[in-house]
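Quick note, the sequences are listed as chains E, H, B and C, same order.
Going by the numbering used here, the residue at position 375 of the first sequence is 375; the numbering climbs one at a time, nothing skipped.
Going by the numbering used here, the residue at position 113 of the second sequence is 113; the numbering climbs one at a time, nothing skipped.
Going by the numbering used here, the residue at position 204 of the third sequence is 204; the numbering climbs one at a time, nothing skipped.
Going by the numbering used here, the residue at position 126 of the fourth sequence is 126; the numbering climbs one at a time, nothing skipped.
These are calculated hints, taken from the structure and not from any lab test.
These figures come from a predicted structure and were not determined experimentally.
Careful, some of the hints might be misleading.
Identical chains share a label here; the pair holds if one copy fits it or two copies do between them.
[Stated by the list, open to error] Computed list of lysine-lysine pairs in DSS-like fashion (alpha-carbon distance at most 30 Å, straight line): (1) K369 to K278; (2) K412 to K329; (3) K321 to K104; (4) K351 to K19.
There are 4 protein chains.
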Amino acid sequence: MFDSIHEECGVFGIFETKKRNVAHDLYIALYALQHRGQESAGIAVCDDGVINYQKGAGLVGDFFTKDILARLGEGNMAVGHVRYSTTGGNNINNIQPLVVRHMKGNLALVHNGNLTNADELRRKYELNGAIFHGTSDTESIAYSIVDNRLTAPSIEAAIETTMTEIAGAYSCIAMSPTKMVGFRDPNGFRPLCLGRSKDGGYILSSESCAIDAIEGTFVRDILPGEIVVISDAGVESIMTHVGKRKHTLCVFEYIYFARGDSYIEGVNVHQARITAGKILAKENKIDADVVIGVPDSGLDAALGYSMASGIQYGMGFVKNKYIGRSFIKPSQEERRNTVKIKLNVVKEVVKGKRVILIDDSIVRGTTSKEIIKLLREAGATEVHFLSSAPAFKHPCYFGTDVDSEENLIACKYSTNEEIAKALGADSLSYLSLEGSHELAKKEGLYFCDGCFSGNYPIDVPKGIEKNKFEQKITK
Amino acid sequence: MFDSIHEECGVFGIFETKKRNVAHDLYIALYALQHRGQESAGIAVCDDGVINYQKGAGLVGDFFTKDILARLGEGNMAVGHVRYSTTGGNNINNIQPLVVRHMKGNLALVHNGNLTNADELRRKYELNGAIFHGTSDTESIAYSIVDNRLTAPSIEAAIETTMTEIAGAYSCIAMSPTKMVGFRDPNGFRPLCLGRSKDGGYILSSESCAIDAIEGTFVRDILPGEIVVISDAGVESIMTHVGKRKHTLCVFEYIYFARGDSYIEGVNVHQARITAGKILAKENKIDADVVIGVPDSGLDAALGYSMASGIQYGMGFVKNKYIGRSFIKPSQEERRNTVKIKLNVVKEVVKGKRVILIDDSIVRGTTSKEIIKLLREAGATEVHFLSSAPAFKHPCYFGTDVDSEENLIACKYSTNEEIAKALGADSLSYLSLEGSHELAKKEGLYFCDGCFSGNYPIDVPKGIEKNKFEQKITK
Amino acid sequence: MFDSIHEECGVFGIFETKKRNVAHDLYIALYALQHRGQESAGIAVCDDGVINYQKGAGLVGDFFTKDILARLGEGNMAVGHVRYSTTGGNNINNIQPLVVRHMKGNLALVHNGNLTNADELRRKYELNGAIFHGTSDTESIAYSIVDNRLTAPSIEAAIETTMTEIAGAYSCIAMSPTKMVGFRDPNGFRPLCLGRSKDGGYILSSESCAIDAIEGTFVRDILPGEIVVISDAGVESIMTHVGKRKHTLCVFEYIYFARGDSYIEGVNVHQARITAGKILAKENKIDADVVIGVPDSGLDAALGYSMASGIQYGMGFVKNKYIGRSFIKPSQEERRNTVKIKLNVVKEVVKGKRVILIDDSIVRGTTSKEIIKLLREAGATEVHFLSSAPAFKHPCYFGTDVDSEENLIACKYSTNEEIAKALGADSLSYLSLEGSHELAKKEGLYFCDGCFSGNYPIDVPKGIEKNKFEQKITK
Amino acid sequence: MFDSIHEECGVFGIFETKKRNVAHDLYIALYALQHRGQESAGIAVCDDGVINYQKGAGLVGDFFTKDILARLGEGNMAVGHVRYSTTGGNNINNIQPLVVRHMKGNLALVHNGNLTNADELRRKYELNGAIFHGTSDTESIAYSIVDNRLTAPSIEAAIETTMTEIAGAYSCIAMSPTKMVGFRDPNGFRPLCLGRSKDGGYILSSESCAIDAIEGTFVRDILPGEIVVISDAGVESIMTHVGKRKHTLCVFEYIYFARGDSYIEGVNVHQARITAGKILAKENKIDADVVIGVPDSGLDAALGYSMASGIQYGMGFVKNKYIGRSFIKPSQEERRNTVKIKLNVVKEVVKGKRVILIDDSIVRGTTSKEIIKLLREAGATEVHFLSSAPAFKHPCYFGTDVDSEENLIACKYSTNEEIAKALGADSLSYLSLEGSHELAKKEGLYFCDGCFSGNYPIDVPKGIEKNKFEQKITK
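Just chain E, with the same shape it has in the complex (with noise of 0.2 Å):
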């Protein structure tokens, strides 16, 4: 849906043999990875030890312009981030790539996901004297690197240590004068894989879709827990980390946040779509004549479940493409629905129908109660409505903005007929807990349910107000 719950960060590296234009791959990659995070974007570029960046505020192509890309100049090696800024956007120093100088030289840093020990390491190091510029997690990572680096031998040993300190969902790229690492949290909360570019080079991209859109090559996920270091050497592991916690995958990165056209660890995301509609479609069988999803991301839940009930697929709405950031919203006395702007349904489709309508999730309600509210004014003469996610009902601790609880619809009601009748629905349904664990198949991968279950698969902060510089953003 358009109004959904955010992943935090999308992180993106290349590192070639040969000095190019590589500040472009990471435009075009950053582009791919738009859909993690659109509240700022940056990208670092190390030419011959030298780190040059440039990042700030707004979608990839709204930031870099011609003239601020160029500034990037060329490098062989380069790293980038897109973020769903959380904290109100007035901090410039949460922007990341975090470029820093330290005793042994520049480090630039890139992180998806979210620490759980954040507080504790910010405390140990100001009181050795740290200054901090920004709020983010990150800066505790770098304090930590920085840190160990001093006694360490290389960055990645330094990084060894680092991940021994630091707990929580991580999936970053440091980027050091002669080596680009990425390493991945012993939980795997968080994707990251490996490709190679082209021309030859390696890759480290959250998804790889952005490794497609530079014609690049995927090669294969990193594990939780590994230390991949590439340098002019070659690629080498560390893999000190690895197996040594159940690798325990946000499984809204199938449902949601993920690309479709992606595979991680292995599984299609828009496939491991389809199959939520058909789980959906077996434990929800509905007496109806068309299913239609919710765009963008309930059309592949719909598609599945027309698949696997016989049930007519439809095209029920038309999402006004143009309407972004800068769209002028009416003021509160021309009483205007901002849904119907957005999305009109098509008459044709619904009127006189029994219709399945499917979202890939549901957190306060709002936007799919005016939904409903159009398809019954189309002329559908039922609307059953169906989620392809468990329903939320406990925060997230690992890099997502779960809304709290006490605007989650699902805590406001104990069954989802009194859920249906909120949102006018004739009927209500999620998908099953043990339904979003048959999303994808791989040997030794579990999901983090942590949202749905309220099971963390590692300790959370207790007693603390999780989101507390999140501004939240509902539907």
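Starting from the structure of chain E, add chains H, B and C where the hints point.
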């Protein structure tokens, strides 16, 4: 397809009984008509006889900032326009609404279509000392109305005479200090419809989707040749030009131009495209595993083909929705495939499969060739390419920018087999000319298929280099 | 003073024998004429008969970005204009150059001045079916030229006839596909001069300072009533309107409008202002310690006063040169003195001293009052205020925006003593009317002093609200 | 001169007892200090312990739009900074205020000057694991304060210790959640003064002109070595570092950097420049007709010369005040004189005259040569060129960007006669070193004249390429 031929305009007008923020209604409506023209936008608001206007290059959301929208102030009437600027954009005076002062007061004019006798008209007025600020035919329409108004008792009477002087395609709205007048050419090449606003006022719009967007109610299509006069006295029609010609709507309005949720002449555009797909299936029985559409405009026909053939509908592509005008293209030496950046194949959907690929039309074929290549690289074993429009072979004189014949792939080759080979497809077929006439059925409704057949419903200029001012955009 | 009355325009044209980047010459020249109009700017370049133009709101340096300037391309001829837009700025069509197409081709027109019969002309052409895109009198001049051109053998012949139809103040440059024609009203209200470019071409300019800026050579002033025709054949003059009227140059060109380094009718503007100060000294013998000018336009007269009186010249103020249009004014509740932000007193210069303060003129007196207050706070023991122009008491019909009478301080009070008291000065005097006629001496040169005396050299409209479109800016 | 050497910074702080819109005060104050740095600007506002800040490249009026200024909100304390960015501008982290979080809370720091031991300090902290986000020495000061604060009982105590660690030139303001602390190096290289706001609060400013701009009252200069602590308890001073060194103010503050209306160490800057002119007159008796200054900074000395010599003061140039950063320079092949575009000679003032030309200083001489050429072209019969500063021959280590020796014209030639010849002047003289010490007189006030004499008041780094990050701008 994302690089198809272009409609040249969308028009919208609203007439309320009371003064209010009609500018914001126009703003929303132009967003809904944005697909009809993306190069410039403008709004003119009439407040007690005074016409304020703002117009400029760019998308509605780019040009109309909060500040500029606010400068329009309130009013009881407004007209707006979106334009696919075909003249290179350096002449601000071609951007509409055209707002002028004349003997009897102010006049704002918006126009969708193309006159076939614009040059003669221009000459006639120039011989009388007329000054032209721009190069559009709309200025000739304005001169004719103003000239006739010197003796005619009313703006509508002037327009009635003007319609005996102008030839070609025009769906126009004229706004005088007290009236809003819609008029449509006797052939009804371009759509124009009437609606009611939620406050009880009247709406004129190129398409019904814009009426929906501001929560108005569609009333009816304006008849070919009809003049609709909206004033404080309500709505009146002048029918003297009605029924003088066969209604020859541009068939491409259904195939590509109009938005899927719009109704034109009683027929839903999405449904017409589903129908196109069904006809294609009847005309082309192909043994395949999956049928996919080129986003966004090929999707409907692909679904229709699936419905009629029983072959599974698939979502074969992910389109990068963030790539817009500001995207900085790779330089030549970077040898990048920009199609791949915009449109990635979902391998899972096509790998090892025989694929039917449907697009709305084929102009130069350049993009189609790239797409077919991408499908093959993703593992499609066969690619059968279908166009839901007949083959373009002739110029259009009625408001679109069909490419010149030397660029049209259907003019370069004599058989579909040759084109298939050129594009790298296993087979290629177009919708038949007869098939195109089946897309929408209504008593008295015929189609202009001049660009396919070379048979134009009215005289067209001979020996004239048609699109002389136009900047071609090809696919 | 920085909030004085405003000149409405500056014009410039260049004609070269070879095609080159004349647009950049215009750009530099308009920078040099920027003081004559700061609201909008425009340049039209003629390249082999085709006229490209760019115009828009703002200073030359704001509107003309590298990109926009580049779009003008090369050419052998160009005209440009800076404007003090008096109509609120929402009508782009009032920005010059006015570029139109007519029976005989293209025409670009730039105009400095104001017609006294613009309304009658407009009416005349409207009765013939004319359309007006803007509200400026320049469009009426264009209509007249185009109308006469239908029968006249040349553009210059058409202009010769036009000059029998238009009345008032005009220094214009018209550019046809092959010629550049300058023409000046028979009274010569506004300046216009001829120069040679460093490449041997010809220049027409409002002021000689713009000729200097592009390293050209000043040749002579255009005569009142003269038509200068520049073409490949060289320069020719049509003298039929020359000598028909007394030359009555606007005296305020010397006092305030023109730039100090310009020469008008053989007299240097800076020198004329020195002379004004000397005359003030002769007319007003004051016992004082220092004479200071209000920056920037009062400085010259203050130096002149010092020269004639022997009283020490001082630099009493530092003007903040960074404060421009973008300065965000303090809100009302902050009770800030914005004059003080722009203009700080150098205490050392005035502390404990009897000060003579000279400004170029006094309109409303609001700013003058603030300045006098600042001087007293800085320790000046006496402040004697002198205006190097006579008192404004009447409207101007010839191209400036003298405020309406109810706002003019000289209309509110009957004696200088009363005004001095209102402004907080110890004494106040204006330059005498006779004195103003001594600023520049040349055979046959007289001045229009209508705004001071009420005696206008030609008939002015009766009972018409003069500046109806104008947005006042006061001091 | 308009292309002189550059001061690197201006600082300003305000402490009020009540919360209000202090951001706008800073905005006005930074406008008043804009001459001290034009590359970037920033403001940090403290609201009840929370520090909000906005900083960016460009002039105050360019970066601080209404929107950005509003984001700062209200507060009771604020500090701001203008900077002449010497490092190429691609590192946003060098822009001040530097705002960081540390063990004891938030800290905002602004700094004018340059440390001589920045590299050693950086090394020291890096060895302890410190991370540097930028390349400025200000970050080292922050580290020192934060480090000392771990054990010091207060921010001011920490600063007291820091002042034993840092060496060089610094006039700083630090803002903690509850206090504003100003501190100035024991040599007092750069100015810093105290004032009261009109609401009874306290002000710290580089120059008194900024206090005037917000209608505050100048109180006194901060002593060299003094630490001023402003809190709710009022103002307290820590004097432990006072009197430890000879006060060696940068003499160029009087000659060029500071604004004419400012008072530094009790002496008015404009008056000091008048004095420079008078000394020049005593040192150089020249038989001439007129003495003119190069705008804007040579005007005062020219007036002083005129006063002392009796030779008539003249205004020899008109400077185009509209030419700023956005001016598009002519391309090489256009062979344009850009000096002439910016600065036109008023021929009337110099024609046929023996001219004394005074500029504040001579760096490379390139611009001076052009100006002298312009004067000759305008008819000056002799041009005697005087510099109101001694000759630059040595680098500056204390916060300005004196060009490297190979570019300094005074290093290229051994006599004034040779330089005069190189510049095309009839004669050339500099203010004597002794003369420069006479510009301002105060008990205990001495000057640093290291850039003229090579004698520095404190140890300077040996063998280090001084301005390694600096982008030279020459005249």
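Item to check | Identical-chain pair category, K412 with K329, by Cα at 30 Å | outcome: The answer is within: 29 Å in one copy meets 30 Å, while 49 Å across copies does not.
Next on the checklist: My question is about K351 and K19: at a cut-off of 30 Å on alpha-carbon distance, are they close within one copy, between copies, both, or neither?
Outcome noted: Neither way: K351 and K19 sit 59 Å apart in one copy and 35 Å across, limit 30 Å.
Checklist entry - Checking K321 and K104: alpha-carbon separation at most 30 Å within a copy, between copies, both or neither? => result Neither, since 48 Å and 42 Å both go past 30 Å.
Checklist entry - Which holds for K369 with K278 at a C-alpha limit of 30 Å: within a copy, between copies, both or neither? => result For K369 and K278, the Cα distance is within 30 Å only inside one copy (24 Å; across copies 34 Å).
Hint violations for this structure: numbers 3, 4, all remaining hints satisfied.
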